[in-house]
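A.B. asks: Here is how the chains run, residue by residue.
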Amino acid sequence: MSKTKGASRTSASGHNLARLTDLYATMVRIRSFEETALQAHKASEIPGPLHVSIGQEGVAAGVCANLGRADRITSNHRGHGHALAKGAEAGRMFLELFGREGGYCGGKGGSMHIADFSVGMLGANGVVTGGIPIAVGAAQGLKMLKSEAVVVCFFGDGAVNRGPFLEGFNWAALFRLPVLFVCEDNGVAAFTATASVTAGPGVMARAESLGVTGLSVDGNDVIAVDAAAAQLLADVRSGGGPRILHARTYRWTGHTSTDAAAWRVPAEVAAGKAGCPIARLRTTLSERGAKDLDTIDAAAAAEMAACRATAHAAQWPRPSTAFDDVQDIGAVRHV
Amino acid sequence: MSKTKGASRTSASGHNLARLTDLYATMVRIRSFEETALQAHKASEIPGPLHVSIGQEGVAAGVCANLGRADRITSNHRGHGHALAKGAEAGRMFLELFGREGGYCGGKGGSMHIADFSVGMLGANGVVTGGIPIAVGAAQGLKMLKSEAVVVCFFGDGAVNRGPFLEGFNWAALFRLPVLFVCEDNGVAAFTATASVTAGPGVMARAESLGVTGLSVDGNDVIAVDAAAAQLLADVRSGGGPRILHARTYRWTGHTSTDAAAWRVPAEVAAGKAGCPIARLRTTLSERGAKDLDTIDAAAAAEMAACRATAHAAQWPRPSTAFDDVQDIGAVRHV
Amino acid sequence: MSKADATIEVTLVDAGRLAVQQEMRRDPTVWVLGEDVARGGLWGQYRGFLEEFGPERVVSTPISESTIMGAGLGAALVGTRPIIEMRIFDFVMCAMDELVNQIAKIRYMFGGQARPAVVVRMPHGMWRNSAAQHSQMLESWFVHLPGVIVVAPSCAEDEAGLMVSAIRSDDPVLFFDPKDLWPLTGTMPAGEIAPIPFGKARRLREGKDLTIVTWSAIVPKVSEAAASLAEQGVHADVLDLRTLWPWDEAAVLASVAKTKRLLVVHEAVEVGGFGGEIVARVIDQLGPSNVKIAKRLGAPRLPIPFSPPLENQIRVTVDKIVAAGLAAARA
Amino acid sequence: MSKADATIEVTLVDAGRLAVQQEMRRDPTVWVLGEDVARGGLWGQYRGFLEEFGPERVVSTPISESTIMGAGLGAALVGTRPIIEMRIFDFVMCAMDELVNQIAKIRYMFGGQARPAVVVRMPHGMWRNSAAQHSQMLESWFVHLPGVIVVAPSCAEDEAGLMVSAIRSDDPVLFFDPKDLWPLTGTMPAGEIAPIPFGKARRLREGKDLTIVTWSAIVPKVSEAAASLAEQGVHADVLDLRTLWPWDEAAVLASVAKTKRLLVVHEAVEVGGFGGEIVARVIDQLGPSNVKIAKRLGAPRLPIPFSPPLENQIRVTVDKIVAAGLAAARA
Ligand SMILES: Cc1ncc(C[n+]2csc(CCOP(=O)(O)OP(=O)(O)O)c2C)c(N)n1
Ligand SMILES: Cc1ncc(C[n+]2csc(CCOP(=O)(O)OP(=O)(O)O)c2C)c(N)n1
Ligand SMILES: [Mg+2]
Ligand SMILES: [Mg+2]
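Protein chains in written order, with the numbering used here: chain A, 87 to 421; chain B, 87 to 421; chain C, 534 to 864; chain D, 534 to 864.
By construction, these hints were calculated from the structure, which means they are not laboratory data. Any given hint could be a false lead.
Claimed, not checked - What the simulated footprint calls covered on chain D by chain C, stretch by stretch (three residues with Cβ under 8 Å from a Cβ of chain C suffice, anywhere in the stretch; the number is not a length):
#1 616–627
#2 673–685
#3 801–807
#4 857–863
As the list claims (entries may be wrong) - Covered by chain B, per the in silico footprint, the following chain C stretches (three or more residues, Cβ under 8 Å):
#5 596–610
#6 661–670
#7 762–776
#8 826–835
To be verified - Within a straight-line C-alpha distance of at most 20 Å, the following computed PhoX-like cross-link-like pairs (lysine-lysine) qualify:
#9 Lys791/D with Lys825/D
#10 Lys825/C with Lys825/D
#11 Lys793/C with Lys825/D
Being a predicted model, the structure only gives us computed values, none of them experimental. Glycine included, each C-beta is placed from N, C-alpha and C at the ideal position.
From just these sequences and the hints, can you work out the full model?
C.D. replies: Here it is in structure tokens:
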């Protein structure tokens, strides 16, 4: 996560090499995190379902580069990238994926419920669209507290068919809340092509009909995402109310790690992979003379391998901790 | 309810005198029904909450004139007019309002839950927006059964801020279902000006963003409502999928019969009353030489007074009937 | 009467209003959101609030129950303390994901990082012939739901004191106002409203013949029935639980250990109601051999009908409570 | 083996699939709607259905739970018989208004005019470290909800026979598939799947020392525990209720009248679970003096955690059942 604020944020549009390199590094770390997690899941080191966002890294990286630590995000079931880009530690995330002590949720959440409130990551969510009401409420609370922080709400294209989408957008527009909605449109919802279950002209039209305007960009062009997010967040921060960023992207894999995605059209997958946001930025960076890209790649791979190894060797949570953090009053005790 | 179908439906646009007189009679009966009910409620003859639609009669009358008996409607908490226009009997409705034996629901429903399945009235609903998913499902069922019937879904402007609005519209458009959505926009939701809680350009834009097109009309001009409904229902019947009719109207009274509506702006109420759909059509009819209008008025008043008296004198349901019609298997018995 | 002993007469709705007002004055992060709240709420629970606290803290919302609930949660996550007004309990069904999957679980799922310090106000129960969709009582559901506190007062004083505790609680509190009792008048100490701790029953009457456990809207009828029973020589120990989770198991066990006879009375449907839990715990803790009888009295398993005689038919009445009390005492 | 006695081996998921398939072949008004059903459903419950029945009867829907539920109801009101597939029970929380306020009440509110003949399929329960939002069991809630039937099978044969009854029922049926048991293999008669009536328990084992009442996903563990108890000389009468509303009170009472000892075992949270209802009814009907002990074993009041050792900590295990059985038998 870039910790830059104010003036440096506007420099996003200039795209100096350092910023692009940061974006590249963020994407590479996300990719490496998830590839490592996939391997660990295949090796039965990680229990439960695992949803990875391989191919979509440009959105998380490009958006979160425009956020400060005090800003908040909400996420969905496919939230590793959002968390990492917002500054969560890969090590504690791995521990959580493995269900080990020291994980972000003490092993209670797993992949689908990673949160790091200390960096403003208000949590992944196992319920589609579940993050939208929470995000608008967080924005409302921040506004009430006269905070300058804003909220970014990440959700998928599948989320636009659940009712809270309408409610939350209307609400944010009505109360002019400081929230940026980010729709990661990868064309699918679980195993279903979103176009086959979504009527009308699309998410931007829906948002506009609810009083929320914004931009639609190629989500695999992280430079475009960064620029659009910078512009929209400037509007949001200046009190203009909510905005939407619609980022068209592609998910390379199946729905969960156990879905081999045999149902996907091979040509489509090939085209999707060809649009890899990391490869695209790498080309740009190389053209501009960046040299340390291999180092970045290697560092990310090493970091994630180490995290995996550490997590694998880590303690399990003490079983009695299952009884902690339910509620203060009326909590049942371990007997 | 006009029982005409097919060709006669298209004659709606011609607006011959007989049809206009029918529309007039329907509106007068609704008005008379509700004024009588209000008096009965004030006299403590009717228990529980009562929501009347005085001032909005043009919508129910104009739309239902285009429906046959096999067509279905769903309604909301303010549904007397919809039921009457669809052909429900005033007498049985009064019995239900009074909670008496012989009422449509045997006294179990009351004003907020009137239904008459025999004329295709699938029920009022105490939950705002509750009728929308039901209506689209009914349309889906009818389509599956290869029925030619269509469904009309009445709801208020307050309903457009609940999630099922989005879900149901998307769904109807997606499956090209034979449903006409009718938004009765009276500018208020309970005690709140709808504009103060609704962001964006409005209900038509919301509908269009979900793939549903339609028409917006002056709902107090029953001729316009009739014509628009005829046109939209022709589209729906010919397999064109869902449509929306947005009818701008005005509710003269408070939210419920116990709400004196002191909160409403007097000038606004006066303007609303000046737009009375019944008075307007009466003027038109008089100009065209219709003579039996006083007779219609008197007949309606007499009918409703008689219904009220009958209901007031009617038997209460046997207390043990409280145990009927819960479920077939696993029903608890009266002891 | 000394000043310290001064009391005021208030309706239940005013008791709740005064409690919220006191806490909103005390803590600027407390606020309320829901339909029509800026206009005072459906029953005047928030009368005068807009004028005093302004539209940022008294937020009238669209008819968007999912978001009323979910936004309340989100606002709590950044450090405010929302009172989520749901208008009528039945409409909470439009916001169950936000309540059950999010509010109740978020602290646990995130390993303690989240503090969903919300009060969800849900006026419930039969209410002047309002029929099936405006009369439900499902408070027992939430006892079965880990992560929440369940509060169900029956009188003005408890409405006020429990509301103060609810607002100050870091746990999510489901607060069931007994909406048919809004006009009920009660007496409470003048001045600062003190918090009433969760999990402590109120003893309405002391007796040795029978333990009656009850809560919420039915309590006034139970009191009346207990008086009538006393006239007939049956002296009931009557406990108003006030909160269902946590609930005052110790008080109930102590009472039944003494009387050997238990009758649970609630307005909600008897089957699957919280009365079953109470009976099961009492039997579990005291052993069947130490209990002579354990009965429940609730509504039959029916939706609430509209018509007065039908509603009366299924309602728990004073007569039914007296009859059940006599049967239990004599068994 | 004669043809009439021929049996087939099937997994629980296939048993359900065959039952739905049989009924869809029999009755053209039966259809299924839900996310991904045209692709066979999340677990293959509808494998091959799109090919056989076409997209009008096997309807993959948007992620719109309110409308999946509500549209199913609407379609029932015009005479079709939908199977409403909710994918995972937890998501039903997004459709509770449609289920609780509409489906369960519509027949009653309308005085019998409506027949909401829907089957709501809600795979529930703990499921391979899926954490709090994908593991809940709240079946007891719906016992408390008038207007619905509650079905919770535990084996392939019951899944099939109860599904046939559910589809043929004019009442709304809430069908809780035990999702962790999908791969469990069972034996059922070849040929036409016969309906299993609601409200009849299945006796898994006969015994005189202790009555164990159970249902759904925990049943295989209860069987294992009962076998172990038998080795230790405690012979349990084990009843799988199969349906919670109506439930086989007669069978339970008869068994407890014989054994005098009751243990209810369920996977769901013990507090507020259906075990309380069973204990309360048994005590009510037999009288405390005719029962020596009545206990429940369920999960502690906690959300479901993700990590295997945490999940195991709160899970009802064979060991815990054995221990509870021994304690009950010896008390
Ligand atoms: C309310 C709800 N319904 C269904 C599901 C099951 N589910 C999990 S992810 C998913 C697809 C979501 O699609 P999208 O939002 O586009 O995210 P993507 O999988 O593409 O990342 C579904 C249906 C769920 N988690 N929550
Ligand atoms: C889900 C839900 N929320 C709140 C209510 C309470 N309520 C009843 S009618 C109403 C206003 C509805 O407004 P609108 O749909 O415009 O109908 P109108 O009153 O104007 O006829 C409200 C908020 C309800 N019945 N259902
Ligand atoms: Mg997607
Ligand atoms: Mg309105």
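A.B. asks: Compare the structure with each hint and give your call.
C.D. replies: Quick rundown of the hints versus the structure:
no., hint, result
1, 616–627, "holds (count 4)"
2, 673–685, "holds (count 7)"
3, 801–807, "holds (count 6)"
4, 857–863, "violated (count 0)"
5, 596–610, "holds (count 4)"
6, 661–670, "holds (count 7)"
7, 762–776, "violated (count 0)"
8, 826–835, "holds (count 3)"
9, Lys791/D with Lys825/D, "11 Å, holds"
10, Lys825/C with Lys825/D, "13 Å, holds"
11, Lys793/C with Lys825/D, "16 Å, holds"
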